Amino acid sequence: MMEDVRPRRFGPLAASIVALLLTGCGGGEDLVPIPEGIPPGPGVSVPAIDIDAPGRTATQLNSWAAEHAGALEIPATALEAYGYAAAVMDRARPDCGIGWTTLAGIGSVESDHGRHRGAQVRDDGRVEPSIIGIPLDGAPGVAEIRDTDDGRLDGDRVFDRAVGPMQFIPETWRKWGVDANGDGVADPHSIDDAALTAARYLCVSGGTLRTADGWSRALFTYNRSESYMKTVRDRAAAYSVGRRV
32 MMEDVRPRRF GPLAASIVAL LLTGCGGGED LVPIPEGIPP GPGVSVPAID IDAPGRTATQ
92 LNSWAAEHAG ALEIPATALE AYGYAAAVMD RARPDCGIGW TTLAGIGSVE SDHGRHRGAQ
152 VRDDGRVEPS IIGIPLDGAP GVAEIRDTDD GRLDGDRVFD RAVGPMQFIP ETWRKWGVDA
212 NGDGVADPHS IDDAALTAAR YLCVSGGTLR TADGWSRALF TYNRSESYMK TVRDRAAAYS
272 VGRRV
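Residue numbering for the sequence shown is 32 to 276, as defined by this note's numbering.
Do not take every clue at face value.
[Claimed, not checked] Using C-beta positions, here's what the derived DEER-type ranges look like:
id : residue 1 : residue 2 : range
1  : G68       : A102      : 19 to 25 Å
2  : E175      : E67       : 34 to 40 Å
3  : G68       : G101      : 24 to 30 Å
To be clear, the hints were calculated from the coordinates, so they are not data collected in a lab.
Bear in mind that the values here come from a model prediction, so they are computed numbers and not experimental data.
Each residue gets a CB set at the ideal place from its N, CA and C atoms; glycine is no exception.
All chains, please: the whole structure from these sequences, using the hints.
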């Protein structure tokens, strides 16, 4: 599980914590203050879609994503994926209450929404080139996880590495990975599949994410780090009021 293997190792993938998120408007008098508290707000509502439609049904959110992507500085395809994952879980687990803002906060920290080191999110949701984390080789501050997938997902037959825009380790992906775009493959390098898998994992781990305890428990399961949870919260809270990070 993620809580056991991913301690404090996100430096290469995470930007510095943005201190201005907790200081209100600062010098920009027209900026909406970032709300404090847990959980972060749900953000602008996701319009109703037919989640049972064939193919990449997240494309039904194209207009919604296009309207907000620029202001948030999130690729529209990634925003579609976050919104779609939240919509699916709203039907599958209405008690969970996970918002697209939480998924966007995680995606921002893990890979800059699939843009880490020049990667890009294609229109079909595939992130290229693939985002592969550091080897989990037991170096200082890094868990040691010997290869579990014969290098199939991460290209490493000695140690496992976190993969994809939401940075799943291969063993966790094997247990939780889902196909969200209807292509018949659960692919951690697809932001659609990765976002829905993350949403499912968080809902099972935290129960209801509408409470501070549930949201915190889910995030600590994803990464057992206080600073990680704080950064995700800050970024999700910013997105909830239409602010970029």
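Item to check | Violating hint indices (sorted, rising) | outcome: Those not satisfied: there are none.
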